[in-house]
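Single-letter residue listing:
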Amino acid sequence: MKLSATYAFQDPGETLFAALVDPAILQKCIDGCEKMEKTGEDSYNAHLKIGVAGIKGSYVGKVRVDEKKPPESFTLHVEGKGGPGWVKGKAKIQILPKGEGSELLCESEGQVGGLIAQVGSRLVEAVGKKMQDEFFRKLGQQLRNTSVPGK
Amino acid sequence: MYLTEELAAKGKVARGYVGRAMKRVEDPRLIKGIASYVDDLKIPGMLYAQFVRSPHAHAEIKSILTDGAKVLPGLVGIFTGADLNDKLGTIPCASPISGGRSPQHTVLAGKRVYFVGHPVAVVVAETRAIARDAVDLVDVDYEPLPAVMDPEKALQEDSALTHPELGTNVAFIWKLPAGDVDAAFKEADKVFKLRTVQPRVTPMAIEPRGCVASWHAGESSLTLWTSTQVPHLVRTLLPDLIRIPENKLRIVTPEVGGGFGSKLNLYAEEVVISHLAMRLERPVKWIEGRRENAATTIHGRDQVAESEIAIRNDGTVLAIRSKIIADVGSYCQLLTPAIPTLTGLMLCGCYKLKAVLAEVTGVHTNKMSTDAYRGAGRPEATYMIERIMDLVAGELGMDQVQVRLKNMPQPTEFPFNTATGLTYDSGNYQAALAKAQDLAEWPKLLQERETARKEGRLFGIGLSTYVEICALGPSKIMAAGGWEWGCVRIEISGKVTVITGATPHGQGQETSFAQIAADWLGIPMEDIVVLRGDTATAHFGRDTYGSRATALGGTAIVMSIEKIIEKAKKLAAALLNSKPEEIEFENGKFFVKGKLEETIEWGRLASEAYIAKNLPPGLEPGLEASSFFEPSNCTFPFGTHIVAVDVERDTGHVNILKYVAVDDCGKQVNPLLVEGQVQGGITQSLGTALMERTVYDESGQLLTGEFMDYAIPRAPDIPEYILGSTETPSPSNPLGVKGVGEAGTIGATPAIANAVIDALSPLGIRHLDLPFTPERVWRAMKEKEARS
Amino acid sequence: MIPAMFDYVRPATLEEALGHLAKYGEDAKVLAGGHSLIPAMKLRLSQPKVVVDIGRIGDLRFIEERDGKIAIGAMTTHYDIESSDLLKRSCPLLPEVADKIGDIQVRNKGTIGGSCVHADPAGDWPAAMLALDAEFEITGPRGSRPVAAKDFFVDMLTSAVEPGEILKLIRLPLTAKTVGYAKFTQKASGFAIAGVAAVVDKARKSVTIGVTGVAAKAYRAAGVESALSGSELSTANIGTASQKAADGVDPLSDIHASAEFRAHLACVQTRRALELAVSRLP
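Residue numbers (my numbering), protein chains in the order written: chain R, 12 to 162; chain C, 11 to 798; chain G, 8 to 289.
Think of the hints as simulated: they come from the structure by calculation, not from any bench.
Because the structure is a prediction, the values reported are computed rather than measured.
It is possible that part of the hints are untrue.
[As the list claims (entries may be wrong)] Subject to a maximum C-alpha distance of 30 Å in a straight line, what follows is the list of computed DSBU-like cross-link-like pairs (lysine-lysine):
#, chain 1, residue 1, chain 2, residue 2
1, R, Lys67, G, Lys157
2, R, Lys73, R, Lys149
3, R, Lys67, G, Lys107
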């Protein structure tokens, strides 16, 4: 599953970048991230509750940020395993100045395995898209402005 | 002359059960829900097992932590590969191909997992719910490895390896050079190529697998109840694996809710559960879930073939060169390598090819193993050859019927030796074809097609004239005996118990074997009970697969009855003060030749035989006989299926408008059972043709893991079948029967495929592969439109 | 297929049910017909601590005409709807849709309320609810609130019913016979790959179109509706307008139908649903 989307923010790239690599903000933006513990430079153990509405699974996993090139790009890795199987995602994020604010390009790749792949295949892509949109919507909230999903 | 006819001619068949359409004696209990399946079995003290399975297609197991699960109240034990693998043998493949390379198939995963669903550990608990809870608490740490998913790419040098220790993904290569292929190609006026793809399918028996093992400590013996087609093969194979003598092992097969080949195996779970019952000294039950079934019970088909076909301008098909890639999955199960070799052997279909070169490459991938699925290799061959016949017709502008007739052997040419070295026992392919055309109202059908095409509708007619191989035996071609065993016992009361080793499990032989025995003994069918499926009563057997039970098991029963009659004549002679050679047997009565006024029936004979006060000197008490029947050859049923379809232009949806099948399975013991088998077979094949396919994604995840995503035909998908038959007896067994369990599955898919492609032919579509899902058909139409 | 441990309560009244929901909050899940919740629980994709079975609350299962509208209780089964003479006369789209849901066993147990609240992107009801401009009455601790269909289906598997609330009934308009539901079925599940409900109002020369199965949530095919607004419902016009059935939509994609095929089927089924409705014009 691959997704590519752009989001517009009113903040300059530097603010956006700083927020995105800040674990406290990351945790608030990753939908269903209940806990994050630092395990090293830019890497964390995480408890994730992922899904939609009543159909949610609990996962224990890792969140990691690498390939940091402030203020324009970095890669975010999230992986988890739990009763419903496993999830793994990688998002390459590029931040470009646009007018007063900035535009963010997110190219992500996700994989799921086990039960969720077996029974949820029709919804996985839509859930992934929703989670990504949700991530940036929450980021917008954290920055006290609103992200506008582009195309 | 065949026995039934012979006896009938002499007026010896009392009631003539054989040949009559009779309802199955097993049905009332099945319909009422009072039959017993494995899961109905409850034994005091029984524990429940659940398997922890890999969610990865290929991964290294870094660690398995069981502490979290062990604290659950009611948990009895958790066992991993480290606990079990060195105590148990490996899962056998009974049909290895020389030079092939396959990994050690341990009962649980060792350091690596090789497919989604691979068992990694087993938990045992006091209740099923606790076992299920425990599964979630076993923490396995995996390091994912690249998954090998595409069998063709798996053969490339730079491919990742399913089993790195083998150094190759090639499981085996099997070659069948038959006849002078090069000469035949030189002789050809035309040569054309065809690529065919047989998608992987999931058998999806309604009852998943399951077993209960119970250890009898006092006797040091084990009983295993298992939902299998082959209790006798399990009893042959299992003792070595669990280190128990064969005579301390009893296998019981209660009712089986569908097998279709998927329960023709020895599975790791059966070995593990048996071992756990011995180890824990308590009965253990395991019932497979639906998703487990989809992921970890064998799959079928999955072949890609690149063929070259040499033809003459008059429509003669001279030779085929075919490179077949068979995706065997991660391990070779019991018959995995044998299945695609059957494809090679049956590649001639019902045609007089001069030469065939088949090269089968079995390829390991990170998927569940493929093995026998209803038809097992023959549907693949029939699909290829029947697509080829239509393409030959297309190449030469010939009629699809004419091209087939041109290449068929005449009825007088039987037994007919094929280029691939088989001897087709008997046949009249032209008669079945003619009858099917008749039932289909062929000229009218052609007219309808013409009208439809003028109106711009996509209407197609498809045909398949198939031949298949069944009644497997004889022993010389089988891994471990191709005979069948049967026993007949006249009880003291005169009632009759028939015991078969053929283990019917839904095919209806409790009825058809009773019909046979009733006719041969001259008694009412109601007096006969047919026992099956328990190695403690059916001492020997080679079980049901390859449409063998009636041809072989039925014959073993007839042989046993003949022995009993011989003995009964001796006893009757003593009772009638005559000599055995003077005694006649007709309609269940023994009498001295010409003296019909004084007769002895089975009831009196039986009581004399067992009470044993009036036995002639030297005659043993009792009236029981058992027999092994060893066939001289396989049998080769055949037939013609004709299908008319229309295809919706805007959605690609295929409607079946007419379905005609004429099958020749030799003599029919019970035409109702034959019809049921044909209907079921066609329906399963209709699934293969129109909707079924097992889908793994690129990373090896199974996307068709249950009925929400794996489509099988339901009642509204099934058209009315117009069925007919011809009857060409087999000379391979005295009943003259051939077998019909798989015929429908073999004949139907190519007929539907040919019909769909015929419907699409006005658009310039020459070939399209299975399954004809709406999107696939729609895309094919769209691509043609875009080009034109 | 064994769910995780849960408690089970079976309230006799709606008030009692709301009380349980208030008490257990997000740990509670409402059980209606159970055809979505139970499978999800057996797969352990849903692990509520308390299941509140509203199956014995009698006043949630009815089909009535009230104040010039149809009112259907949330616990009304698909079969109740399929076999209702009142609906066949006065809101025929509903029996037509009900007839195409699952199989007879599903229709005997599954409920319209459960299905709508579950908001499966391929469920049949959302298409009809949107096309009919249904109104949902949701009840909760602060009383009842009406929600229009267009606001009810919030997202994939998400309806406007909040934790602590229960869908009570659905209000629908009386319509003429000029309706149609055209469903392209996913062979395995019986759900819609593209299900289109059309309501034709001849007098006003307007049509409404609800589409399910195509996108993450059911939607109104606004492009088709406006193209046909005020125009003659000729075969040609319907054909052209139907081409807009997936405009502006991000179609789902899975092994049964790619996004492209789904979008195409949305158009085909829209045309078929409209033709069906128009064929029923007196």
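Next on the checklist: Going through the numbered hints above, which ones does this structure break? Give me the numbers in ascending order.
Outcome noted: Violated hints: none; all satisfied.
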